[in-house]
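S.K.: Listed below are the residues making up each chain.
Protein chains: 2
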Amino acid sequence: MTTIKDVAKEAGLAVGTVSRVLNNRGYISDQTREKVYKAMEKLNYQPNEVARALSRQKSTLIGVIVPLVNHPYFSNSIDNIERTAIEYGYNIILLNSDGLAEKEYDYLEFCRRNHVAGIIIYYGSLDGSKFSDIGIPIISIERHMQECTANIECDNIGGGRLGAQHLIDQGCSHLLFINGFVDQDDTSGHRRQGFEEACQAAGVSYDIVELVQSDYRVPENLSEIEKIIDSEDIDGVFSSSDMIAARVYRLLKEKGYRVPEEVKLVGFDDSNVAEFMVPGLTSVHQPVDKMAQLAVNYIIDIQNDRVVPKRSILPVSLTVRESTENY
Amino acid sequence: MTTIKDVAKEAGLAVGTVSRVLNNRGYISDQTREKVYKAMEKLNYQPNEVARALSRQKSTLIGVIVPLVNHPYFSNSIDNIERTAIEYGYNIILLNSDGLAEKEYDYLEFCRRNHVAGIIIYYGSLDGSKFSDIGIPIISIERHMQECTANIECDNIGGGRLGAQHLIDQGCSHLLFINGFVDQDDTSGHRRQGFEEACQAAGVSYDIVELVQSDYRVPENLSEIEKIIDSEDIDGVFSSSDMIAARVYRLLKEKGYRVPEEVKLVGFDDSNVAEFMVPGLTSVHQPVDKMAQLAVNYIIDIQNDRVVPKRSILPVSLTVRESTENY
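Those protein sequence lines, which keep their order, are chains A and B. Once you know that position 259 of the first sequence is 259 in the working numbering, the rest is easy, because the numbers rise by one and skip nothing. Once you know that position 82 of the second sequence is 82 in the working numbering, the rest is easy, because the numbers rise by one and skip nothing.
Think of the hints as simulated: they come from the structure by calculation, not from any bench. On a predicted model such as this, the values are computed, not experimentally measured, just so you know. Keep in mind that the hints are not guaranteed to be accurate.
Copies of the same chain look alike in the list, so a pair counts if it fits in one copy or across any two.
[Said to hold, decoys possible] In silico SDA-like cross-links for lysine to any residue, where the CA-CA straight-line distance does not exceed 20 Å: (1) Lys253 with Glu275; (2) Lys103 with Glu87; (3) Lys290 with Val204; (4) Lys103 with Arg113; (5) Lys103 with Asn221; (6) Lys253 with Glu322; (7) Lys103 with Ile86; (8) Lys103 with Leu13; (9) Lys9 with Lys38; (10) Lys103 with Leu22; (11) Lys255 with Glu275; (12) Lys42 with Gln170; (13) Lys103 with Tyr88; (14) Lys130 with Glu147; (15) Lys253 with Glu325.
Just need the whole structure built from these sequences, with the hints factored in.
M.R.: In C-alpha cells, the structure reads:
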C-alpha cells in the first residue's frame, strides 16, 4: 500500500509537509501543494481516513469519552469538538462512559487498539494510573489529572468569584453555594473556593450545600437546600452547574419565592438550559468552543511532535440574564 | 491477516455464527461459543474494530449525520444510538451537517470511502437522488425518503392528534398550532394534519402559524404568534417541537399570560427542555430510544442479509406536565 512516506519521497518533500497539505493546515505554497498532488496522482495515493487510522503515525480519528451525550454541557462540547475536528480533516468516535471507571477503561482500551490520533476525556472516575502508559495523547477537559498529556480547564476559581461578586453587586446579603459532584476532580471545589473568596472579601455571609449526585441529571438531596432556604434568609443562590440551578429554580418556585425579586440565581456553564429557562439564567460562561479547539489542536500538535502545555486554563465571563435582574 | 472466515473454517461453523458470537447477538449455545473462542485463540484472531471497518463486509463503524449535536432532541438520539451500537460491538462516527445539503453530501461520501457498516441520517436538505447508488445502508430517522434503505419515524399524525385532544380535554376552546420547519420533509406537516383532524372532529376552532426557521435554535417570526395571541382568544398552544414551545412560553410570560391558567401549552419530542421548564412542559413523547435501537439493528441486519422494513412507524404517547394542568 502506498503510504504518505512514499508520497513525500516521490515529491522530494518532508512527510510533515505532505501531511500539512493533506490536512490543509499551516502555510503551504502553491508550488509545494502542486508537487504533493502530482506525487499522489502518480502513486495513486488515496488518503483513506480509516486506513490512516490504522497507521499509528497519522490517524485522523479522535476518541471522545463523555459521561453522557444527552446533557447540555457535553452535547455543546461534543458539537464544538466535531466542528473543529472536521476543519482539520479529523473525525470523532463518540463514547458514553456514564462516568464509570470500568467503561472509561474499556473505551481507552478500544481507542488504543484502534490507534486513534488522540483521546479527549471529560469527567469520570477512572484513576489516572490506569492509563499512564497508554501511548496515545489523552487530553482531559475540566478534569485535572497528572497522567493526561494535557489538561484543559476553564478558570473555575475565577468563575466562582465572578458569580458570587455579581450576586453581591446585585445587593444580595446572604448567599448559598450549591456544590454538585463533590468528587475526585477539582472542578466544583475550585468554583466553591472562588465563591468563598469573594464572599469573605466582601464580608458577606454564606452557606454551602454539598449535593449528592449519583446521576448527572438528578441531584438527590434537594431537601437540604429546602431546609437552609427556609431557615436562613438566603437572597442569592449560586449553583455549580446550570442543571442544578434549573432544579433549584423549580424548588424556589414551588416554595413561593419569586426569582429574581426575592432570590437571585446564578448557574455555571452557560449551556442552553440557561438560555431556555424563563427567567433566563445568569450563568458563568465556559468558553466551550475554545476549549474544544485547543483539545483538537493539541492532538494534532502532538502528532506533529510539537510541544503542548501540560495545563491550560481559559478565562471565563458572566452572561447576565433575568434570574439576577428585575425584568 | 486472520479473518473471521478463517475462524469459521477452523471452528467448523458458518461465518454468520462466528459473527453472532463476536457481536454477542442472537441465541448461541455455550458449546458453539466455546468452539469459536478456541478457534480464535488457536489462530490468534483479534477482532480490531477499525481493521474490520476496512473490510467492506464487516465494518463496525456507523456514521451518524445530524444537523447539530448541541440540540436536546439530537443529543438524546445520539446518546441512544451510541449506547445501542456499543452493545453490539459497533461504534459511531459523529457528523454535524447543519442541515446543509453540501455538508450532508460530503459526509455521505466520507462514510462511503471509509466503508462504514451503515449511515443513520436525520433532518437535512439533501435530495435523495444524490445517494441512491451509494451502496451502503442509509437509515433515516424522522425524514422520509424513498431512496433510503429504511425510514424510521414516530407516528407524527397520531402525535398531532394526541396533543390537540389533550388540550381539548383540558377545556381549551380555541387552539393555535405552531409549525416549525415547514420543509421538504413530512414530519411537521403530519403533526399539523393530526392536530387539524382532532380539532375538526371535536368542532374546536383553531389557527395555524408557520414559523420561518433558518436555524434549528431560533424561530424568527415570533411576531406573528404575538399578533394572533393578542387578536384571537387563544387558550391552548401546540408547538411542533419543545424548543419552539420554550420560546413561546417566554413570549406568553412577557405578554402577561399565565400558563397553564390562561393558556395551556403542549410541545413535541419530550426532550429534556420539556423536563427542565418551569412549569414542566406537556409534550408528545417520541420513543427516541426505540428508534435508535431499530436504526442500529437494521444496519446489522442488512450486513447479515436479513430483510428490514422499508418504513417503520413507532407509536407515540403523551407526557403530561404542569403546562396543561393547574399546579
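S.K.: It remains to establish, for every hint, whether it holds in the given structure.
M.R.: Hints, one by one, checked against the model:
Taking the closest pair of Cα atoms, Lys253 and Glu275 come within 20 Å of each other both inside a single copy (18 Å) and across two copies (15 Å). For the homomeric pair Lys103 and Glu87, the shortest alpha-carbon distance between copies (12 Å) is at most 20 Å, but the shortest distance inside one copy (29 Å) is not. For the homomeric pair Lys290 and Val204, neither the shortest alpha-carbon distance inside one copy (34 Å) nor that between copies (51 Å) is at most 20 Å. In this assembly of identical chains, the alpha carbons of Lys103 and Arg113 lie at most 20 Å apart only when taken from the same copy (15 Å versus 30 Å across copies).
Taking the closest pair of Cα atoms, Lys103 and Asn221 never come within 20 Å of each other, the shortest separation being 27 Å inside a single copy and 45 Å across copies. Proximity of Lys253 and Glu322 under a CA criterion of 20 Å is satisfied in both settings, with 15 Å inside one chain copy and 13 Å between copies. In this assembly of identical chains, Lys103 and Ile86 lie within 20 Å of each other by CA distance solely across copies; the values are 11 Å between and 26 Å within a copy. For the identical chains of this complex, Lys103 and Leu13 are neighbours neither inside a copy (43 Å) nor across copies (32 Å), given an alpha-carbon limit of 20 Å.
With identical chains, the CA atoms of Lys9 and Lys38 are at most 20 Å apart within one copy only, with a shortest distance of 12 Å there and 44 Å across copies. Within a single copy, Lys103 and Leu22 get their C-alpha atoms only as close as 34 Å, which misses the 20 Å cut-off; across copies the closest is 19 Å, which meets it. Taking the closest pair of Cα atoms, Lys255 and Glu275 come within 20 Å of each other only across two copies (19 Å); inside a single copy the shortest separation is 23 Å, beyond that limit. In this assembly of identical chains, the alpha carbons of Lys42 and Gln170 never lie at most 20 Å apart, being 68 Å within a copy and 72 Å across copies at closest.
In this homomeric assembly, Lys103 and Tyr88 come within 20 Å of each other (Cα to Cα) only across copies, at 15 Å, whereas the closest approach inside a single copy is 29 Å. Taking the closest pair of Cα atoms, Lys130 and Glu147 come within 20 Å of each other only inside a single copy of the chain (9 Å); across copies the shortest separation is 47 Å, beyond that limit. For a Cα distance limit of 20 Å, the shortest separation of Lys253 from Glu325 qualifies both inside one copy, at 16 Å, and across copies, at 16 Å.
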